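K.L.:
These are the residues of each chain, in order.
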Amino acid sequence: MREVLRGSFVRYALAPVFIGCAAVLSALLHPLIPHSEDYLFLAAVVASAWLGHRGPGLLAALLAPFVLDYLFLPPLHTLGIGPEARLRILPFLLSAIVAAWMSSTIGRVRQTTALLEKSEEKFRRILANQPDIAWTADQNGRILYVSPKIDRLIGYTSAELRQGGLRFLMSRVHPADLDRLHHANLELFSGRAAFDVEFRFHHQDGAWLWLHNRAMNTYQANGLILADGVLSDISQRKTFEIELQSKTAFLEAQVNSTVDGILVVDASGRQILQNRKLVEIFGLPAELIGTPDDELVLRHAVAATKNPESFLARVRYLYAHPEQTSRDEIELKNGSVLDRYSSPVNGKDGQYYGRIWTFRDITERKRRENTLRQLSAAVEQSPVSVVITDLDGNVTYVNRKFTDCTGYSLEDIRGKNPRILNSGYSTPEMYRELWTTIRNGGEWRGEFRNRKKNGEFYWESAAISPILDAHGSIASFLAVKEDITERRALEADLRQAQKLEGIGQLAAGVAHEINTPIQFVTDNLTFLSESWEALFSLLERYRGAVHTGAVLSPELVVDLAQAEQLCDLEFIHDEVPRAIAQSLDGTRRIAKIVRAIREFSHPDLADKTEADLNEGIASTTVIARNEWKYVADLVTDLDSTLPPVVCYPGDINQVVLNLIVNAAHAIKAKLNANGKGRIVVRTRRSGAFAEISVSDTGAGVPEAIRTRIFEPFFTTKEVGTGTGQGLALVHTVVVKKHRGKIWFDTELGSGSTFFIHLPIHANSEDKAL
Amino acid sequence: MKRLLFVDDDAMVLSGLRRALHDMRQEWDMQFAPGGQAALDALALQPFDAVITDMRMPSMDGAQLLDCIKDRYPEVVRIILSGQSEKEAVLRSIAPAHQYLAKPCDIRELKMRLNQAFASRDLVRNPAIAATIARLRSIPSLPAIYNELTAALRSEMTSLGRIEEIVAKDIGMATKILQLANSAFIGAHGRVSSLRQAVSLIGIETVRTLTLSIHVFSQFDRKSAVAFHIPALWDHSVCVATIAQRIAASETADKSMAEECFSAGLLHDAGKIVLLAEKPREYSEILSQPNSDTSSIEAFEIAALGCSHAQLGAYLMSMWGLPSSLVHAVAFHHRPSDARETGFSPLTAVHCADALSHLPSDAAPDSILPIDETWLASLNLAGKVTEWRTFLDDFRLAAAENPPA
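Chains U and P supply the protein sequences, listed in that same order. For the first sequence, position 28 matches number 28 in my numbering, and the numbering has no gaps at all. For the second sequence, position 133 matches number 902 in my numbering, and the numbering has no gaps at all.
Note that these hints are calculated values from the structure, not bench results. Note that the coordinates shown come from a computational prediction; the quantities given were computed from them, not determined experimentally. Don't take each hint at face value.
[As the list claims (entries may be wrong)] List time: in silico DSSO-like cross-link candidates among lysine-lysine, alpha-carbon distance up to 30 Å:
1) K717(U) - K741(U)
2) K736(U) - K717(U)
3) K306(U) - K366(U)
4) K839(P) - K668(U)
5) K839(P) - K676(U)
6) K499(U) - K670(U)
7) K839(P) - K670(U)
8) K839(P) - K629(U)
9) K401(U) - K453(U)
10) K333(U) - K277(U)
11) K676(U) - K629(U)
12) K238(U) - K348(U)
Sequences and hints are given; from them, build the entire structure.
P.N.:
Structure below.
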């Protein structure tokens, strides 16, 4: 009501009201009580001042004397203020003022007290509900006040604390925190710093608590420096804190130890986490680590990529679609390839916290992938056939060339044994050898004659080897094959060409061998023809003489003698028989050469046949005669007990021919038309082999070229003479075609001997070569 | 009596030859040696007129033997009779030999060639000249043309036509080519007198080997002072050759005759080149004399050197086995009636062409030609001269339009 009164001008109505009352009363009481009107009006003024305060009080004070005068000073029933009235104004005023003042003061005091009480009540209520403890202490370590709840906190009552003071408190503090607490205390009371300490405290029951003590400042009171503070129990918080710290440390360690670069941005795109790996991957400068300025980081990262546009495009897209996960690959300018994965980070409650980006360096993987792809393509597109089988020999993979070559696709042949290509050429022994070799980890090489899907035959050369796994045990078998049908055909052609070349070379020599006898046979026949005519004409003369019965006159005798002289009868007599004999000899010579040619160029059959090596050598020496007869004497020493040898006779003849020609050339090189050397061709049996040797007394083979003389196209002769094919052919024929051996002894300046061993009997592998 | 030496390592061949040639025993004294050394020994004892040797013999082959004989006894006719056909060896053996025959050789062929060789020997009486000729491997060529030939042969893309073109420009080369073509190793059975046929028979490869490896051609020394005569000689020879060919073409339908006449015309003055090469001082003097390009030159030659260029050329060619028709044409081109031939032959064409070619360009149409009129009349060709003069005019016109390089 006070407030109501205070605030309105209604209280000014109090003044007239009270004065009015006073007037009435005094009118009533005046007769009874003398001078009661003074007191009544005084009371009215005081009451107005008391209740309405200064305003109404003063008004009442002013009104009172007038009313008083008016009423009670009969002589003066005039308005206006008589002298007595004027005298009464002052005390009325004074009393009004005093009353008003007292009233307000008392009112204020009461108000303040009420407020104070309310405030205390409130305070008490807060404190009662507050878990924290309030305290007041002085600089001497005396605790002046501490909340009663303290006992619930630390197990000791406030009375105990007040009694024990700071010292008691300190005694229960953890030794590690003691110094800090002391120091802070000193700082506080020396006025320098606010008191804010966390420390461990021993509960009365023995448990350890974490307490947080705060005091803002100090103030003076009663000659002491006091401080007010609050003590809270932060044990739980501390536990959480420690747990959080360790978890955080663990997490940080995890984040930094992962192989991925991690970047976490919050919902607004600001980065809140990046690990070391990210820095590494993108090569971010050190200054940017830990900076919240993600724009800078982003710019750096983008600059490192090969295609910044697409990088940013994805980023923008994902920010626009925060619920999406994304995975792609990006390339950096330095050549690295990264696998980029991004997903939203949602809390357990489903709230969107931000986005996490992980970058994994897959450069190595990509490189390996590429290599693998390349190798795979290489195998698939290789110009040789590749077949891979499992341990049992069944096909698991064939490449394109295989299909092209054989007509069988991978589907056709998967799971089957490549033996289906076999045409019957390969023998069981060959397969046994193959399997033994590759099962023992070795590589087998050989040739097959296979059949294509369409029935066509072809030759292939194969290299088969095992493939080992990481432990070193055999995982599968690999066969690399090459179609050599054409090559074999070419080789056959080459052999034929070589043979023809050899024959061609000798044709000149053989022609010479034949020409010479023909020359003298012709000459002899010319002579015989002329002689016949001469003889017959002589005979005619004699016959004429006889038939006519002419007498043998001396003229006739002389005549006949002259005729005889004329046709040189003596010469005819001597020479005709010789001419005939030599001509026969000559024709025989020619026949022998022709026979030898026929023998020599014996067409080779597909299979080897038994042949008499000695006969072949005899023909060959005749064929080659023109090559050696001028530079050497050739002697043969042939073992007549040598059995027939299974071989290709034509090839063997060619071999012997080449050796004889070489021997002749070696001798010529040494002697150069001064005298004659010696060539010996020998045959003999050597165990399971037939041995042929050709020795010469020629220049010998120099050390430097001894390893090369069997090389194709290797020759020491001048350009135009000799093609270097001779010994290469010999080697191929002896070693490859006949599985024989060839070697030589040589001495520079003395001569050389070439030895050949040919197996007398065939090997079962020699079929249909 | 001519003395012949046959050399072969095969005794039966020698016996055969001996018997087959027995009927020549009255004209030829024939001896037989079993090898090169024996042959040289025999030659040391007596002079021989001809040596016929095999190629392939132990110790010393035929070519080596003939090389020796060429140096020591240059006037001996050297013939190779070989059973070889290996190109390389054959080509090597050609160089020192005058003629090359292949076994088996028809004995009649052998006799004919020998006779021809002997007959021409009488053409040259001066033994020194005879020896020089006999030693000659080739008639020297002009260096420029020689280089042209070697350049063409070294190039990969040359043709037979080109080779023939070059060879036709040089008398020395043309002669040699004809010699080679007439050697048996080429395989030609007929007588080769056409240059084109000769070149195509021999083939480019062989020409290459002969020129570049065996050096069968030779050149005038670059510093030779007399070489400047050669181009004029050559111009004249080409002129005669062309006209002779046309004369032949107009007289007979035989194409090979026309080609033979061309060759004859080309070679008819070959003897002059030989003389220039062998006796430069004397012969250039003779050549520098006035009227040196007429038949009167023969008189000077015989006076100074003992033989005429015609005889000399003929001798060389016959030694080299060129066909006798060519030999005759060369020998008697200034005195055709001495040849005692009947009918049209290269001699006829060459003589007339030669006479025509000496006409100056401004000669009157009816000026006298240095042609043997009687002889011409005996061949019934007297009226043809006017016609033939047109050939000369044609040639001169063509030559003016296309001056030779």
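K.L.:
Now, for every hint given, state plainly whether the structure supports it.
P.N.:
Here is how each hint holds up against the structure:
Annotation: proposed proximity of K717(U) to K741(U) holds, straight-line Cα distance about 25 Å (limit 30 Å). Distance check on the hinted pair: K736(U) and K717(U) sit about 26 Å apart at the alpha-carbon level, within 30 Å; holds. For the hint pairing K306(U) with K366(U), the CA-to-CA distance comes to about 16 Å; that is within 30 Å, so the pair holds. Annotation: proposed proximity of K839(P) to K668(U) holds, straight-line Cα distance about 26 Å (limit 30 Å).
Taking the CA atoms of K839(P) and K676(U), the gap is about 27 Å. The hint holds against a cut of 30 Å. Straight-line distance between C-alpha atoms of K499(U) and K670(U) comes to about 27 Å, which keeps the hinted pair within the 30 Å bound. A C-alpha spacing of about 28 Å is found between K839(P) and K670(U), which places the hinted pair at or below 30 Å, so the restraint holds. With a C-alpha separation of about 27 Å, the suggested pair K839(P) and K629(U) falls inside the 30 Å cut-off, and the hint holds.
Among the hinted pairs, K401(U) with K453(U) is consistent with the structure: their alpha-carbon atoms are about 14 Å apart, no more than 30 Å. For a cut-off of 30 Å, the pair hint linking K333(U) to K277(U) stands: about 18 Å separates their Cα positions. A threshold of 30 Å between alpha carbons decides the hint, and for K676(U) with K629(U) the separation of about 9 Å falls inside it, so the pair holds. Distance check on the hinted pair: K238(U) and K348(U) sit about 24 Å apart at the alpha-carbon level, within 30 Å; holds.
Figure legend: structure checked against the earlier numbered hints; every hint is met.
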